[in-house]
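Asks: Residue numbers (this note's numbering), protein chains in the order written: chain A, -3 to 127; chain B, 644 to 936.
Among these hints, one or two may not hold up.
[Unchecked claim] For lysine-lysine, the following DSSO-like pairs were computed, each having C-alpha atoms within a straight-line distance of at most 30 angstroms:
#	chain 1	residue 1	chain 2	residue 2
1	B	K790	A	K81
2	A	K81	A	K105
3	B	K824	B	K674
4	A	K119	B	K711
5	A	K93	B	K711
Please keep in mind that the hints were generated in silico from the structure rather than gathered at the bench.
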Amino acid sequence: MADKLHFNLVSPERELMSADVDQVDIPASEGWLGVLPKHSPLMTTLAPGMVLVTNGGEQTRIFVRGGFAEITPAGLTVLAEEAMKAEDIDAETIAAKVKDAEEDLADAKTDEKKLAAQQALDKLKELQAAL
Amino acid sequence: MPSLKDLKNRISSVKSTQKITKAKQMVAAAKLRRAEERATQSRPYTERMEAVLANLSASAKDNPGAPKLLTGTGKDETHLLIVATADKGLCGGFNSSIVRKAREHIVRLQGEGKTVKIITVGRKGDDMLKRLYGDLVVWKTNFVEVKQVGFGEAHEIAEKVLAMFEDGEFDVATLFFGKFKNVVTQVPTAQQIIPAEAPEGVEPPDLKGAIYDYEPDETEILRALLPRYVAVQIFRALLENVASEQAASMTAMDNATRNAGEMIGDLTLEYNRARQAQITKELIEIISGAEAL
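Same shape as in the complex, but just chain B (with noise of 0.2 angstroms):
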């Protein structure tokens, strides 16, 4: 039975526990607010970008001159994972969801015998995946330093995967991240960026009859579109990581704020029965004194 003293010791600890996630709680919401218009203002330079790969792709894909981002190597033998995930902590199961959807996809892989490569975009991702695949991360970066994420990050992230595509280090590069669907919901996805897969469900824009001119001509713009396509790809990736994260830290520290909230009530219920306790027992001992007389 813990003492009086113990017993308050523990609920004022409770209470400052609870003063502290129910502070992070507030600042992930705000957070969230941030991220959410972000992602929403970045979405109609990915809407037309897609509109005009799709576009483009359906005309040369094809042409035996395709670059290769569109067509791919022609192999499937070397994959390249590319896993973003969050910094910090303190969000639920955000980073492990995403880091469970690589490992799954690492493990098929490998059982079919191909050579998998890592990218870890993000410190938590890296710290999990390191331990049990330390040996096929070639590369990693995280954005501790960086106070907000822009596309300069995502550019040179881009620009990195499209150097080992051109060196031939490997032939289909997969992104993992964690999609933002709502505050409460967020789903960790797999998206395939090399070779581009052209977005399904994008209309190419109505031309009433007219041709496109290019120039300077289709390949050249597909040429110049595609990595840049990859660094657009990348970017959302990393805005609706950021949203999610927020999100999930939102929930998890609402969660752990009235878990917080519980225990300081069992708390004060057993800190108030001892108290009775001690009084009842103090109140017999000076009746039973008195009786002695």
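Extracted from the complex, chain A is given alone in its bound form (with noise of 0.2 angstroms):
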């Protein structure tokens, strides 16, 4: 059997997945990284996007936002400051929810509330974009 890389993928509220894998893929801020076993200790910043794990031909999909990736000989450590798998979000859910965040930037008439609107839709546009 070829080796495994351990992976763990940690939130500040919980520990996502924790597993003995065949490859990640991350979304680093410099651009997307395929960790494979035995990778060079590396580590970096996470851009907003999707983290592709496969193992033994299976593949997960989880989205992840803001935070760090750390490779060191004992594995793989995604510590995101959100993370939520693919499968539990819903298209046609974010899809409504872009819809109503729009509608609050559109009714935003302080610049504080239009900030917070814009940050809103940002965050959904990019979880969408990830899908």
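Using the hints, put the two standalone chains together into the complex.
Replies: Given below as structure tokens:
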């Protein structure tokens, strides 16, 4: 059996995944990064996007926003500020939320509210793009 | 001497109080379990983060371009105290012990001629501190409206603190909260979060002779990491606080229930004595009436 990569995905609220897998593709801030077992030690910041976990022909997609990835000989650890499994995200709900957020933005009167609405919209769009 | 009716009323009032304290105790016990679970779930993230930080800060400390969040402003003039307490009472000395700890700190700092600013998190701490140091409180927040404290709330506080730091409004930030040791002990704790102190006892991972690659580069990563570290520290403090509050509340309510039980026993005894005395009195009256005939 080929070597496996020990993969950990943790968010501040809980540990989402801890498993031995074949390959993990992570959206690093400098571009996509495919991590295979025995990768050299590396530390990088993450861009919002999908983490792709491949194990025995099966793929799991997890959306992450903000955080780090650390690769040590012991394995890969992704520290994500927000993380959601792709299967838990419903494209239609997101589309509805984007619409809501766009309306909020149009309704916002003060600069502060505009900024907050814009940020919420951007976050949702990132999520939509990643799907 | 209270009448029989008075005693009866008192007994029933203490009994209903006991029911309430008993219910509150059970609620606290259930909440405590959940809070403990959440604290445990957040631990891997915090630990990893500490390991990464320990790893990075060792090499970056001597670097002149190192972020101020790590090295400090080079001054020690203005201190920011973030005092995290609960929003509700009925939890024994939990809130006041945190406030006392913070107050000791304030008195010491002011004695040294330093400027003190306060951020209060939670309503109870604010109530107690504003009486003494109302003019020092620069910002306050509470979670009365929030059902379950999440990372979002911690992030909000961290953003406020970091913005103040960027504007040079303080040099050192210390966080006060009730550390959850176990169900009977909660330790009021002061923890310095800015400049970040590298956590002790965390070993950098064994790289087996290889060297880390950094993407983009070390300083950039530190710059992104440190604000998150502050948020994570605050988040952890909030979670610990929730667990501590529930534990303190459980202990306090347990005591209250037991006291109520004792009181009911005493009152019942008194009630029975009074009743017996009355019966005896009535008998004497009847007998002496019969003898007089």
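Asks: Hints first: check each against the structure and report whether it holds.
Replies: To see whether the hints hold, each was checked on the structure:
1. K790/B to K81/A: Given pair K790/B, K81/A holds - Cα atoms ~24 angstroms apart, limit 30 angstroms.
2. K81/A to K105/A: 35 angstroms, violated
3. K824/B to K674/B: Cα-Cα ~16 angstroms, so holds.
4. K119/A to K711/B: OK: K119/A and K711/B at ~29 angstroms, within 30 angstroms.
5. K93/A to K711/B: 38 angstroms, violated
Hints 2 and 5 from the earlier list are contradicted by this structure; the remaining hints agree with it.
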